[in-house]
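Trainee: Letter by letter, the chains look like this.
4 protein chains.
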Amino acid sequence: MREGGVGSTFLGVLVDVLEFRPSPDQYAWTFGGAPPVATVKPGTLLKLWTEDAFAGKLRSTEDLPSASLQMPDVNPQTGPFHVVGAEPGDVLAVHFVDIEPARDWAASSTIPLFGGLTGTDRTPTLQPPLPERTWIYQLDRARGTVAFEASDGEFHLELPIDPMHGTVGVAPPAREVRSALVPDTFGGNMDTPEMRAGVTCFLTVNVEGALFSIGDGHFRQGEGESCGTAVEGAMNTTLLVELIKAGSAQTPAWPRIESDTELMVVGSARPLEDAWRASQVEMVRWLSELLGIDQLDAYQLLTQISLCPLANVCDTNFSAVTKVPKSLLPPVTAFGGMHTYLREQAATL
Amino acid sequence: MREGGVGSTFLGVLVDVLEFRPSPDQYAWTFGGAPPVATVKPGTLLKLWTEDAFAGKLRSTEDLPSASLQMPDVNPQTGPFHVVGAEPGDVLAVHFVDIEPARDWAASSTIPLFGGLTGTDRTPTLQPPLPERTWIYQLDRARGTVAFEASDGEFHLELPIDPMHGTVGVAPPAREVRSALVPDTFGGNMDTPEMRAGVTCFLTVNVEGALFSIGDGHFRQGEGESCGTAVEGAMNTTLLVELIKAGSAQTPAWPRIESDTELMVVGSARPLEDAWRASQVEMVRWLSELLGIDQLDAYQLLTQISLCPLANVCDTNFSAVTKVPKSLLPPVTAFGGMHTYLREQAATL
Amino acid sequence: MREGGVGSTFLGVLVDVLEFRPSPDQYAWTFGGAPPVATVKPGTLLKLWTEDAFAGKLRSTEDLPSASLQMPDVNPQTGPFHVVGAEPGDVLAVHFVDIEPARDWAASSTIPLFGGLTGTDRTPTLQPPLPERTWIYQLDRARGTVAFEASDGEFHLELPIDPMHGTVGVAPPAREVRSALVPDTFGGNMDTPEMRAGVTCFLTVNVEGALFSIGDGHFRQGEGESCGTAVEGAMNTTLLVELIKAGSAQTPAWPRIESDTELMVVGSARPLEDAWRASQVEMVRWLSELLGIDQLDAYQLLTQISLCPLANVCDTNFSAVTKVPKSLLPPVTAFGGMHTYLREQAATL
Amino acid sequence: MREGGVGSTFLGVLVDVLEFRPSPDQYAWTFGGAPPVATVKPGTLLKLWTEDAFAGKLRSTEDLPSASLQMPDVNPQTGPFHVVGAEPGDVLAVHFVDIEPARDWAASSTIPLFGGLTGTDRTPTLQPPLPERTWIYQLDRARGTVAFEASDGEFHLELPIDPMHGTVGVAPPAREVRSALVPDTFGGNMDTPEMRAGVTCFLTVNVEGALFSIGDGHFRQGEGESCGTAVEGAMNTTLLVELIKAGSAQTPAWPRIESDTELMVVGSARPLEDAWRASQVEMVRWLSELLGIDQLDAYQLLTQISLCPLANVCDTNFSAVTKVPKSLLPPVTAFGGMHTYLREQAATL
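Each protein sequence line maps, in turn, to chains A, B, C and D. Residues in the first sequence are numbered consecutively from 1, following the working numbering. Residues in the second sequence are numbered consecutively from 1, following the working numbering. Residues in the third sequence are numbered consecutively from 1, following the working numbering. Residues in the fourth sequence are numbered consecutively from 1, following the working numbering.
Treat each hint with caution, since some may be false.
Same chains, same label: a pair holds when it works inside one copy or across any pair of copies.
To be verified - Simulated pairs of lysine to aspartate or glutamate, DMTMM-like, Cα-Cα distance not exceeding 25 Å:
1) LYS326 <-> ASP140
2) LYS326 <-> ASP162
3) LYS47 <-> ASP260
4) LYS326 <-> GLU154
5) LYS245 <-> ASP63
Note that these hints are calculated values from the structure, not bench results.
Given only the sequences and the hints, what does the whole structure look like? Please build it.
Mentor: Written out as structure tokens, the structure reads:
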């Protein structure tokens with residue numbers, strides 16, 4: 001663990017900086033249950049390195065999941081970080097300043113009986129699994145693309161990168177410890193492409209210190225993450241962490257995300273309609289608070305303006321996003337303007 | 001029935017034109033089971049008027065669904081039209097040239113025990129229904145907006161219109177007749193905002209003559225159509241209808257849509273993940289055909305590029321869209337270039 | 001059509017008797033949409049022959065579904081029968097006096113992409129279908145058993161017969177016509193083993209004449225009908241049909257069944273919890289009416305006494321049964337004692 | 001902790017006996033994550049006392065859940081017990097010798113936004129919660145009944161008791177810790193009435209020592225546990241624990257139960273069809289092993305003989321049981337005859 005708590009002055013504000021690259025024995029594999037790798041104050045800038053979802057074990061098209069992966073050791077987490085002063089009921093704000101590929105390649109694969117378009121351990125059928133394959137994507141850093149190479153035949157396609165994190169989460173409530181494969185109210189493995197640089201993710205704190213971690217970087221991912229694995233790659237990620245004490249705003253029942261242009265909620269459940277319902281009911285609550293209208297009016301308004309891109313339909317819980325473009329709303333201030341504040345902080349770095 | 005089969009010459013092609021505005025006794029309330037209102041040749045331009053989903057019965061905020069609607073007489077269809085030469089296994093192409101509000105107002109409402117965030121007849125609970133309310137949206141044609149007025153309080157918001165049709169469908173297979181509230185393989189009440197002017201919808205023909213109809217115009221709609229009813233309004237809609245005979249391309253298992261910029265599939269089922277699976281498996285088939293790659297490679301590629309906006313999570317079946325931006329693909333030609341052809345035809349009108 | 005309207009006197013009551021064995025061109029393949037094969041008065045005794053679900057096309061283990069079946073021509077119905085005086089809102093009572101195998105063999109099979117433990121057209125996956133096989137069960141009428149013979153190896157097992165009908169239904173509401181593969185509020189392909197001789201099935205009438213039919217006899221069936229097809233066989237079935245005019249009791253929202261020992265409701269929907277919810281909410285309504293207690297008390301009581309055997313988890317909708325043993329209740333009289341009346345009528349035959 | 005390791009001789013076998021009644025500070029609230037309260041050798045007889053699901057906080061109809069319960073402190077567990085020699089991949093056999101009400105009353109209640117026939121935190125709707133009520137059931141030990149008293153009105157009903165445990169489980173795999181409200185592969189809050197005296201429950205061991213616990217006794221429960229809480233009461237429960245080392249039989253993917261007359265599997269998931277699929281696929285595996293037939297033949301046979309009573313449709317995961325009557329099978333020996341052995345052991349006590 002290389003850890004550097006170097007204070008420096010920006011805009012007259014003292015910002016602590018923590019750099020952290022875990023060694024393999026420092027990975028966390030769960031939300032909750034792992035000891036913190038570091039303690040940070042609200043306002044700290046974290047410069048983190050995250051290993052890919054396969055723990056770096058798929059490095060060529062010859063490396064197949066059933067032989068190379070050591071289940072359940074997937075989605076290694078960088079963290080958890082103990083946030084000074086965070087108490088149950090507070091809201092943690094995690095602002096992604098930057099998410100950059102840390103390697104020049106990434107991997108994806110079909111894992112037997114895992115994925116959206118196959119029987120799984122949760123939707124068991126008697127059919128044999130789909131064939132196991134691994135795809136390696138080469139990054140062209142200059143062009144900002146990754147290359148898809150068909151496993152069978154000559155087909156080749158360059159795709160723009162759109163880096164994001166599949167997992168960002170805090171320790172769960174009710175004394176639970178959950179696998180890093182699980183998305184739920186505490187965040188976790190939501191696998192939404194919306195978790196990209198420039199957004200702020202708001203998570204309700206369940207345990208003292210919040211114990212948040214990130215991982216599962218994707219150079220890019222389609223909505224739904226159909227086959228179960230995106231373009232999985234190691235990342236260098238910079239984020240700012242802040243704390244909103246209980247009482248100053250609604251306590252989110254589900255993870256909320258704010259970007260410069262949108263308000264979002266991520267719900268996670270099965271069946272998929274329940275993930276959607278969770279994100280919608282939470283957005284009705286949020287719009288109702290922000291706009292000062294009653295829940296039925298918020299329900300009606302949301303009906304006409306919501307965008308609902310899916311996140312994942314392959315994980316332990318499925319995740320659905322409800323999104324409202326700010327351009328359709330009157331000016332609103334969420335969480336006391338935290339996103340704008342963090343955006344400004346980030347701009348000075 | 002005012003029907004005008006006026007032939008005129010465009011680009012050296014003789015285009016038949018049919019104008020049709022149904023009288024109330026001419027509405028169809030089902031897909032299948034209703035006699036055709038007219039017979040048209042492939043290549044015909046249809047200029048249609050469609051009544052709103054409420055059959056025009058909600059005209060003020062005092063008109064509440066349980067008193068004003070005559071269930072199950074909702075989603076009145078304009079049609080069905082018998083397409084000359086259409087046989088089971090053929091593919092009908094419906095190109096939306098123009099969708100224009102036909103009135104200066106539209107309506108939306110909460111219908112007791114209907115909608116996405118309430119118990120319903122399909123997801124019954126013992127809780128009392130949500131309150132019944134009607135919202136009326138005034139259209140500002142010059143600004144291209146509709147006005148949301150909160151039912152409780154003073155809140156007011158102008159929203160850009162984005163006209164679309166909730167229903168477009170053909171007669172179902174297997175001798176079935178389905179309510180105009182149902183989306184399924186035959187299209188129907190898919191309620192996706194993607195069904196806007198400029199797109200071509202491809203539907204597999206199940207019965208001789210196809211018997212297609214449209215209805216349920218929305219001045220705008222959010223993804224999911226949360227409360228069950230969009231900004232429901234009468235429409236003046238112009239469309240071109242064409243026929244692709246069996247054998248020249250894949251027969252779609254689910255409705256496909258092509259726009260200038262995207263390929264789309266709409267799946268409809270419950271639970272919602274099955275609607276999504278349907279749209280995804282069909283897109284895997286489609287990409288596999290268009291790109292000449294095997295299904296596993298198509299599955300992998302789709303995983304990284306698919307967009308998955310929900311359509312409705314309130315109807316008899318839920319509908320999910322899988323969408324692929326053409327900008328990410330090499331040039332592809334679907335259905336022999338039918339969309340481009342119809343787009344060009346429309347440009348000459 | 002051999003039809004014999006022979007009146008005879010039982011217990012001083014004039015009972016009309018109708019015998020009917022459809023020829024193949026007389027089968028109905030839908031609920032609704034088919035013309036009645038006969039008109040009967042309430043109180044009529046029907047002696048019916050029903051073909052098996054495969055329309056008699058699977059007669060040896062060499063007959064495989066994809067080659068031998070002519071989709072969607074499965075579940076041929078005997079009927080529909082027009083019941084004199086039946087109007088929407090009335091309740092039709094169908095009492096099964098006797099259900100007897102009409103042949104000495106029955107068939108079952110795995111149909112590609114159909115069944116509970118495989119991907120299907122409604123739950124599509126990319127896996128190849130399970131192998132297609134047909135099993136033939138020989139009936140030992142004296143012992144009352146059918147013989148299971150493993151398709152691979154020497155395993156053999158005699159199983160007691162327990163004859164029942166997979167389908168019993170009336171024409172649907174809302175102008176719909178549904179395939180004989182569909183279970184819903186109108187009954188239809190519920191596939192519950194509870195539909196055996198001695199029970200009375202109560203169905204709400206949706207169209208004039210009710211238009212009820214039966215079919216899909218099973219020599220026996222497990223709960224869930226896992227692979228999609230039971231021990232499918234032709235049947236000689238005797239039933240009494242009666243009519244309860246609207247207003248004298250609750251109108252069932254879902255099919256109800258009464259036996260000498262139990263009250264039952266069958267709900268049908270997807271996902272399966274919604275089928276269960278439908279059957280439960282309807283039973284809460286029923287208990288509340290029968291016992292004169294409020295819905296919350298009925299909910300509490302049902303929680304402690306309900307039996308919930310599944311019916312089918314393979315059809316277009318899934319079906320779940322909620323069952324209450326009469327032995328746990330004080331004496332109750334449902335539908336004015338109709339079941340007891342029909343039981344007594346049947347005893348005199 | 002009163003703990004008595006008293007050895008005594010039965011049938012020439014030395015049986016260790018452990019009596020344990022936890023004090024409130026000794027309750028476990030999770031599967032996994034709690035330190036063992038005792039270490040026991042395979043073959044030990046455990047005489048346990050379990051508190052009710054409400055932690056004894058609902059003692060009159062005036063005690064309402066939102067005021068009296070201290071969430072998430074429900075379903076207090078007696079245990080966990082560390083079983084000497086138990087290693088991941090082994091199978092733990094828990095044989096219920098006796099389950100006796102430990103008090104003369106039990107409680108049930110409607111908890112706001114919890115239960116099967118209401119919106120919940122997992123199936124959120126905008127409707128207000130159902131009213132909160134508590135019912136107290138008096139036990140008549142001589143008659144073996146509990147008394148249901150309507151909360152509104154005079155209705156009264158005596159119901160036979162049928163004592164069972166809602167929860168029996170081991171520590172989960174993959175480093176997880178789960179709330180005692182959760183059923184999953186590790187057992188847990190399955191809430192099936194089949195978990196009564198006389199059965200043996202087989203659970204795959206995930207962590208060294210297995211760490212099993214029990215709790216959530218029900219004086220009786222309907223299938224589905226509709227309102228979310230059964231007739232919840234403290235229990236005196238006697239059980240025998242045994243260990244089957246890996247390699248001697250199939251490792252269960254899901255909890256299996258054997259009674260004198262039936263083989264059972266409990267699957268837990270959402271949506272409910274996936275819980276059912278899990279129990280069915282596991283039973284196909286089991287029948288295939290026991291009968292020496294291939295999976296397709298086992299699938300076909302199961303289709304005709306399975307009983308599928310629901311367990312719970314209210315918990316974090318729903319649970320469904322697949323049950324096969326031994327009377328329909330040739331003689332089979334599961335887990336080397338462990339159930340018979342434990343039954344005989346129990347008979348000597």
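Trainee: For each hint, tell me whether it holds in the structure or not.
Mentor: Against the structure, the hints:
1. For a Cα distance limit of 25 Å, the shortest separation of LYS326 from ASP140 across copies, 21 Å, qualifies, whereas the shortest one inside one copy, 34 Å, does not.
2. Proximity of LYS326 to ASP162 under the C-alpha cut-off of 25 Å is found in both arrangements, the shortest distances being 22 Å within a copy and 17 Å between copies.
3. Within a single copy, LYS47 and ASP260 get their C-alpha atoms as close as 22 Å, which meets the 25 Å cut-off; across copies the closest is 42 Å, which misses it.
4. For a Cα distance limit of 25 Å, the shortest separation of LYS326 from GLU154 across copies, 20 Å, qualifies, whereas the shortest one inside one copy, 44 Å, does not.
5. Neither within a single protomer nor between protomers do LYS245 and ASP63 lie at most 25 Å apart by alpha-carbon distance, with minima of 47 Å and 33 Å respectively.
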